[in-house]
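**Q** What follows is the residue order along each chain.
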Amino acid sequence: MAPANNPVLMVTLPPDWPGGFWWHLLVFSVIILAFVLSMVIGFIYFERRVMARMQARLGPNRVGPFGLLQAIADAVKVLLKEDIVPAKADKFVHLLAPIVAFAPALMIFAVIPFQSGAALADLNVGILYIFAVASVTSVGIFMAGWSSGNKYSIIGAMRDIAAIVSYEIPMVLAIAGVVLVAGSLSLNQIVMTQDIPFILVQPLGFLLFFLAGCAEINRSPFDLLEADSEIVAGFHTEYSGMKFAMFYLVEYAEAVAMSVIISTLFLGGWRGPWLPPWLWVIVKTGAVFFLMVWVRTTMPRARIDQMMAFAWKFLLPLALINLLVTGVEILFLPVTIPWTMVVINIVIALALIPLWSKIFRSGWSKVEV
Amino acid sequence: MALRTEPFALNIGPAHPSTHGVFRMRATLDGEVIVDLEPVFGYLHRGVEKLAEQRTYTGIIPLTDRLDYLASMSNNMAYCMAVEKLTEIKVPERALYLRVILSELQRIASHLVATGAFLNDCGAFMTPILYMLREREKILDLLEMVSGQRLTYNYMRIGGVSQDVPAEFMPALQKFMAQMPRFIGEYEQLLKENEVLIARSRGVGILSKEMAINSGASGPVLRASGVQWDLRKADPYAIYERFEFDIPTGEMGDSYDRYRVRIEEMRQSLRIIEQAVKQIPDGPVKAEVPHLFHPPRGEVYVHIEAPKGELGFYVVSDNSITPYRFHVRAPSLINLTALREMLIGWKIADAIIIFGSIDICMGEVDR
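Top to bottom, those sequences are chains A and B. Residue numbers for the first sequence follow the numbering used here, beginning at 1 and rising by one. Residue numbers for the second sequence follow the numbering used here, beginning at 1 and rising by one.
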């Protein structure tokens with residue numbers, strides 16, 4: 001099989017790439033696995049240290065230099081724990097759930113470019129693929145909640161389904177603006193078009209996507225499905241040992257995935273001066289993740305009806321307006337001067353957000369149950 | 001196809017992250033909405049009231065430490081005042097001032113835990129409570145300086161306090177007093193106007209004025225409902241009539257008001273301490289009271305404004321060295337009276353917040 005135009009991957013491999021399709025698959029699978037796992041370990045350490053710093057304490061600093069090996073020590077501990085399956089659990093589903101949740105979180109990385117064309121598959125429908133795959137995780141989470149036979153778990157699982165159903169829509173609509181500007185669904189193509197990072201061209205889109213993304217991966221202030229002060233641990237209340245570790249891994253793998261997607265779509269992905277491209281990916285991902293940690297340490301948790309209202313009455317209308325404005329701009333503005341678009345969009349974002357917050361706050365956010 | 005739904009029962013507690021001990025709420029839920037609720041307590045019952053009947057009057061003081069263990073000083077003070085009233089012992093001036101200073105410090109410490117835990121229940125992941133515990137540690141350092149303990153102080157005695165404060169206490173207190181207003185400002189900056197917090201707690205768990213009074217609520221819970229009732233002003237005990245301070249009250253009686261009232265009360269406590277430190281005289285700190293003594297036959301009820309509300313001790317003496325009957329009016333327990341009415345119709349997430357905003361201590365509820 002010739003590497004040059006592979007029908008499955010639809011990617012033009014670098015001319016000096018050794019071997020064919022299978023070789024490419026193997027190398028990138030290993031790279032992605034290594035990348036995701038090391039990023040997860042790094043992010044766990046990063047989050048714990050940053051949170052500790054923000055909370056006036058020290059964080060892990062005993063295992064290894066600066067506590068760097070803490071995540072590994074925790075992993076070892078969790079592997080040695082007894083695997084408890086509740087008596088009333090649906091045993092097969094209980095076993096399957098963490099796997100169903102974990103696989104999609106890994107699969108997202110297949111289309112993330114680490115430098116020009118360096119992705120497992122540069123699909124021309126990359127963004128569509130990401131959303132299709134990412135929502136499968138919820139199935140795993142719901143399976144976990146259902147099969148545990150615990151009321152807290154099922155409440156957590158129900159909340160997750162409600163969140164996913166609502167937040168997919170503003171999320172996809174927020175991205176539609178980016179797709180319009182870039183003129184492609186392929187992630188690599190989107191990075192190539194970002195001579196100006198899209199965070200400037202689509203400031204509103206970035207904000208909406210970030211918020212919806214936080215909800216999608218269940219991070220604070222939308223971490224309702226495992227709200228520890230309300231429903232103990234939500235869907236994974238009954239999980240222990242390796243299965244619990246899988247869910248923990250999913251949580252962070254999703255956070256890494258969301259940060260990578262945001263940095264690819266809005267921050268220019270692998271592009272940047274001086275540093276090698278893959279390092280830029282990591283730096284930008286870390287920056288986005290830092291924002292998530294910051295929100296987590298600061299914000300209280302929203303209630304389920306407030307969260308729904310936020311999706312349908314705040315994010316969705318703004319995403320639609322953003323899409324409309326972007327469409328009109330692309331129709332009427334000369335493509336050669338993207339800076340006009342930047343200025344107009346920033347002004348619109350600055351005007352719309354306070355306005356909508358005001359409307360939202362003045363009683364519109366109320367939901368009658 | 002019509003789907004059939006039915007309410008289901010959910011046990012929140014006794015082992016649950018947000019029940020502040022071993023409280024249990026047996027909630028009947030319709031989806032996430034609470035349709036019925038039955039508070040269950042008694043998991044921490046130790047029989048303090050019966051135990052006290054076997055102990056000498058001085059020996060009861062450590063038992064009172066273990067009621068509301070977040071405010072041991074206040075418990076000590078209320079109990080000692082009850083016995084002093086029964087036996088008609090006159091407490092030296094300096095001891096009275098020390099009692100006021102320490103119990104106001106204790107109030108700040110207790111409110112810090114209360115607001116921190118409340119915000120933690122709201123889902124602000126550990127940040128506010130850690131900031132507040134940081135200052136609570138400083139208060140505990142001060143209290144350790146005078147009593148040698150950090151939780152169960154056993155410091156006050158019948159007729160005064162066990163010993164005078166060490167020389168380094170006053171400078172350390174001054175230093176703390178200088179820092180604290182800034183820290184209270186810091187807590188306010190953190191979340192006072194946070195959109196999510198206001199959405200979560202404004203108008204949630206309203207305890208109306210009438211309901212608050214009828215259910216016997218006291219302390220910040222009562223004051224947040226707009227009733228200006230503080231025993232320090234309404235029935236001044238110790239030397240509180242010598243100090244100037246305000247009684248902060250809320251308007252709506254919701255969870256947010258209860259949170260605000262506690263923050264304001266910390267400021268007022270600081271004001272009281274400041275005045276007390278200026279006025280404190282030198283002199284003895286303990287009246288001459290024998291270890292074993294026979295109070296005259298009779299009964300006495302003394303109440304003080306503890307951090308969580310009206311803390312009362314009812315002691316009946318039969319002229320022996322142990323009380324004939326010993327009863328505690330625990331504010332935490334009585335503030336829970338209206339819990340069911342406050343919770344019905346709200347969601348589980350709100351239930352946790354409302355419950356957290358009442359601020360109970362299980363050691364006191366179950367006794």
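Heads up, a few of these hints could be off.
Calculated pairs, DMTMM-like style, for lysine to aspartate or glutamate (alpha carbon to alpha carbon, straight line, at most 20 angstroms) [unchecked claim]:
#, chain 1, residue 1, chain 2, residue 2
1, A, K358, B, E288
2, B, K278, B, E193
3, A, K151, B, E38
4, A, K358, B, D30
5, B, K85, B, E288
6, A, K151, B, E6
7, B, K90, B, E210
8, A, K151, B, D30
9, A, K313, B, E288
10, B, K50, B, E288
11, B, K90, B, E299
12, B, K347, A, D305
13, A, K151, B, D36
14, A, K81, A, E47
15, B, K138, B, E93
16, B, K347, A, D228
17, B, K85, B, E193
Rough simulated footprint, nothing fancy, chain B against chain A, three-plus residues with beta-carbon under 8 angstroms [claimed, not checked]:
#, region
18, 122-133
19, 171-180
20, 216-227
21, 230-239
Simulated from the structure, these hints should not be mistaken for lab results. Beta carbons: idealized from backbone N, C-alpha and C, even for Gly.
**Q** Hint by hint, say whether it matches the structure.
**A** Hints versus structure:
1. A:K358 / B:E288: violated (66 angstroms)
2. B:K278 / B:E193: violated (35 angstroms)
3. A:K151 / B:E38: Given pair K151 (chain A), E38 (chain B) holds - Cα atoms ~18 angstroms apart, limit 20 angstroms.
4. A:K358 / B:D30: Distance of about 32 angstroms is beyond 20 angstroms: violated.
5. B:K85 / B:E288: Judged against 20 angstroms, a Cα distance of about 15 angstroms means the pair holds.
6. A:K151 / B:E6: Satisfied, since the Cα-Cα distance of roughly 14 angstroms is no more than 20 angstroms.
7. B:K90 / B:E210: violated (39 angstroms)
8. A:K151 / B:D30: holds (12 angstroms)
9. A:K313 / B:E288: violated (71 angstroms)
10. B:K50 / B:E288: Violated - the C-alpha atoms of E288 (chain B) and K50 (chain B) are around 28 angstroms apart, more than 20 angstroms.
11. B:K90 / B:E299: holds (18 angstroms)
12. B:K347 / A:D305: holds (10 angstroms)
13. A:K151 / B:D36: holds (17 angstroms)
14. A:K81 / A:E47: violated (24 angstroms)
15. B:K138 / B:E93: violated (26 angstroms)
16. B:K347 / A:D228: holds (15 angstroms)
17. B:K85 / B:E193: violated (46 angstroms)
18. 122-133: violated (count 0)
19. 171-180: violated (count 0)
20. 216-227: Satisfied; 5 residues make the cut.
21. 230-239: holds (count 3)
The structure is inconsistent with the numbered hints 1, 2, 4, 7, 9, 10, 14, 15, 17, 18 and 19, although it conforms to all the rest.
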